[in-house]
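Enquirer: Sequence:
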Amino acid sequence: MPVLISPAEREYIINGVDHNIRADGRGRLDYRQIVIETGLIPQASGSARCRLGEGTDVLVGVNVEVGQVDMEGDDEVIRERKSKRGRVICNVECSPIASQQFAGRGAEDFNNELTQTLDRVLNGPQGGLNLEKLCIIPGAECWVVNIDALILDYAGNLLDMVFITTRAALHNTKVPKTIITKTEDGLEFDFSDDMEDAERIEGWENVPIAVTLSKIGSRHIVDATPLEELTVDARLLVAVNKNGKICGVQKGGSGSIEPSLLNEMIQTGGTIGQHVIQKLDEQLEREEKETSKKIVRNESVGKLGFFAAI
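Numbering-wise (the UniProt record's numbering), the sequence shown opens with residue 1 and increments by one.
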């Protein structure tokens, strides 16, 4: 059953946004508090869990395994480039208990949309990860980075949280050191058993996050709640990295966005995204130091709370 909103509620939300006072007390460009935990899945190469306010809850596990390089494609140049790169495979699933709208067949389309968006950014030219460093033997074996995200609870702003949690999980991911030797039959490889030799995936720090800007009335907001999402005319996803560089833009919703407002929303997304990544990295660095002091890896739980007001 679709969630409905009354005309009075809609008017209340639009007027609040227009006056920069939202129902929960935030301004138009304020995020709810984000709580981050890393290293929650012992069997995974890396993992993270992020909770947004009292609602949206996302768990991401990263598994790194050896696989075949991707040699598909009609263009020889593309195949040659792929033969020297590792692979990233994304999968996002919404738990049916997270929200009514995730029950039944409707969840499949939603899962596909979230998966394709994450995959398009991470495998794009501005995805951040150095895929060439993940190649073990060109044309043969490579590291395959499997990213699995599970939506545990829903209270709006899913895409932003999926990207933030994925970035935190990649920070927590370690890849075993690869030892390559030449033999009469060609190249062979082995791995170091010492996990202290393992390293993070090169370029993880350049992985972008998403900032979803929602147009309500003549204004736009970030981190929309479920009720606010019901009043959205159009939304704009802006993928941005730690340097504030725009790595991708995707428009959603049936409404239009005026050119002048579009430019403003893109600039706002870049500024807010850079601020969010700075706070996220500060927390991840703090947590890592606390964990190393305790010796027990991933024991500590970090919290990140901030408001990205511009």
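Treat the hints with caution; some may be incorrect.
Here are the computed lysine-lysine pairs in the DSS-like style, where the Cα-Cα straight-line distance is at most 30 Å [stated by the list, open to error]: (1) 82 / 177; (2) 177 / 289; (3) 245 / 182; (4) 174 / 84; (5) 82 / 251; (6) 84 / 133; (7) 251 / 174; (8) 177 / 251; (9) 289 / 242; (10) 182 / 251; (11) 174 / 133; (12) 289 / 251; (13) 182 / 242; (14) 245 / 279; (15) 242 / 84.
Just the calculated beta-carbon pair ranges, DEER-fashion [as the list claims (entries may be wrong)]: (16) 130 / 227: 20 to 30 Å; (17) 281 / 233: 25 to 35 Å; (18) 79 / 153: 36 to 46 Å.
Everything labelled a hint here was simulated from the structure, so no lab data went into it.
The model shown is predicted, which means the values in this text are computed figures rather than measured ones.
Quick reminder that beta carbons are idealized off the backbone N, C-alpha and C, glycines included.
Enquirer: Each hint should be assessed against the structure and marked as holding or not.
Expert: Evaluated hints:
1. This hinted pair checks out: residue 82 and residue 177 have alpha carbons roughly 22 Å apart, not beyond 30 Å.
2. Taking the CA atoms of residue 177 and residue 289, the gap is near 23 Å; set against the 30 Å cutoff, the hint holds.
3. Restraint check for residue 245 and residue 182: not satisfied, since their Cα atoms lie roughly 41 Å apart, outside the 30 Å limit.
4. Pair hint residue 174 plus residue 84 holds up; C-alpha atoms about 21 Å apart against a cutoff of 30 Å.
5. Of the supplied pair hints, the one linking residue 82 and residue 251 holds, its CA atoms being roughly 29 Å apart against a limit of 30 Å.
6. Of the pairs offered as hints, the one joining residue 84 and residue 133 holds, with about 9 Å between alpha carbons and a cut-off of 30 Å not exceeded.
7. At roughly 34 Å between alpha-carbon atoms, residue 251 and residue 174 are farther apart than 30 Å, so this suggested pair is violated.
8. For the given pair, residue 177 sits about 41 Å from residue 251 by alpha-carbon distance, which is inconsistent with the 30 Å threshold.
9. Proximity of residue 289 to residue 242 is assessed by CA-CA distance (about 21 Å); at most 30 Å being required, the pair is judged to hold.
10. For the hint pairing residue 182 with residue 251, the CA-to-CA distance comes to about 50 Å; that exceeds 30 Å, so the pair is violated.
11. With a C-alpha separation of about 13 Å, the suggested pair residue 174 and residue 133 falls inside the 30 Å cut-off, and the hint holds.
12. Distance check on the hinted pair: residue 289 and residue 251 sit about 39 Å apart at the alpha-carbon level, beyond 30 Å; violated.
13. Proximity of residue 182 to residue 242 is assessed by CA-CA distance (about 39 Å); at most 30 Å being required, the pair is judged violated.
14. The straight-line distance between the Cα atoms of residue 245 and residue 279 is roughly 17 Å, inside the 30 Å bound, and the hint therefore holds.
15. For the given pair, residue 242 sits about 26 Å from residue 84 by alpha-carbon distance, which is consistent with the 30 Å threshold.
16. In this structure the supplied range 20 to 30 Å is violated for residue 130 paired with residue 227, their Cβ-Cβ distance being about 41 Å.
17. Between residue 281 and residue 233 the beta carbon distance is about 33 Å. The supplied range of 25 to 35 Å therefore holds.
18. In this structure, residue 79 and residue 153 meet the distance hint of 36 to 46 Å, their C-beta atoms being roughly 42 Å apart.
This entry does not satisfy hints 3, 7, 8, 10, 12, 13, 16, going by the numbered hints stated previously.
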